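Enquirer: The working numbering puts the last residue of the sequence shown at 253; the count rises by one with no breaks.
The set of hints was computed from the structure by calculation and includes no laboratory data. Mixed in with the good hints there might be a few duds.
[What the hints assert, rightly or not] Simulated restraints on C-beta separations:
#	residue 1	residue 2	range
1	L134	A72	49 to 55 Å
2	D92	Y180	22 to 28 Å
3	T187	G43	28 to 34 Å
4	V107	I138	30 to 36 Å
5	G182	E86	31 to 37 Å
6	V173	D69	28 to 34 Å
7	I102	N80	36 to 42 Å
8	I138	D69	26 to 32 Å
9	S49	T232	55 to 61 Å
10	E86	L34	33 to 39 Å
11	V38	D69	35 to 41 Å
Because the structure is a prediction, the values reported are computed rather than measured. Every residue, glycine too, gets a C-beta built ideally from N, C-alpha and C.
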Amino acid sequence: MVHDIQKAGMWKRIAAWMFDMILLSVLAVGCCWLLSAVVGYDGYSDSVSAAYDKYAAEYGVSFAITQEDYDAMTETERLNYDAAYEALVADDEAIYAYNMMINLTMVIATIGILLAVMGWEFVVPLLLGNGQTLGKKIFGLCLIRNDGVKVNNMQLFTRTLLGKFTIETMIPVYMVLMLYWGIIGLTGTLILLAVLIAQIVCLAVTRHNCAIHDLLAGTVVVDMSSQTIFRTTEDLIAYQKKAAAERASRQAY
1 MVHDIQKAGM WKRIAAWMFD MILLSVLAVG CCWLLSAVVG YDGYSDSVSA AYDKYAAEYG
61 VSFAITQEDY DAMTETERLN YDAAYEALVA DDEAIYAYNM MINLTMVIAT IGILLAVMGW
121 EFVVPLLLGN GQTLGKKIFG LCLIRNDGVK VNNMQLFTRT LLGKFTIETM IPVYMVLMLY
181 WGIIGLTGTL ILLAVLIAQI VCLAVTRHNC AIHDLLAGTV VVDMSSQTIF RTTEDLIAYQ
241 KKAAAERASR QAY
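Based on the provided sequences and hints, a complete structural model is requested.
Expert: Encoded structure:
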């Protein structure tokens, strides 16, 4: 065991990350499914689908078309499609259900992913100790402060909530949802790329190959089998004093 930071190998970190991501994704989907059942999401979704089907049948059109399909229509077909669309957007119940569906999607995604991330990345490491998720436990990795002291609960909370949940998960999720709904265009794509590039740069240029969440929390992923972990700052200072004294004594000879 040594005091120097024994940063974990990248392949071990990737393997642990993939393991955690698979189980975290399952947990997040489960949380979102339970929340959707509680708030009655399917009812609003069914109402929207029924409205689309109603006006599609009434006007003899299909709303599942691309811009190219629309441009290829004859003038008569285009006028008929426009009339069907106007009838749809004039249906107050359909618009209300559509707006509720969008709002609930954002709420369900936010709360469901928050519960999953906090459970997997905060509660589980508190139970296992040393900031370990199941993936880190299996592959022999752990978290420490960047000075070698045991990670504390506030750092773990910051790492999870601000880093992993807010920046690395929800910003991309919101951008993808808004791109899907056509609410945001090029700006959303640029934001997604910016987050990805920032993560790659952090991993590539930082001394211990730290991700964004580790930089925010002041933590490092290390190899547990070879890393000395000090319980407190006082223990670290005592070790440093002892090491300095030993070096001084050797220099005296």
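Enquirer: Return the numbers of the hints above that this structure violates; sort them in rising order.
Expert: Those not satisfied are hints 5, 7 and 8.
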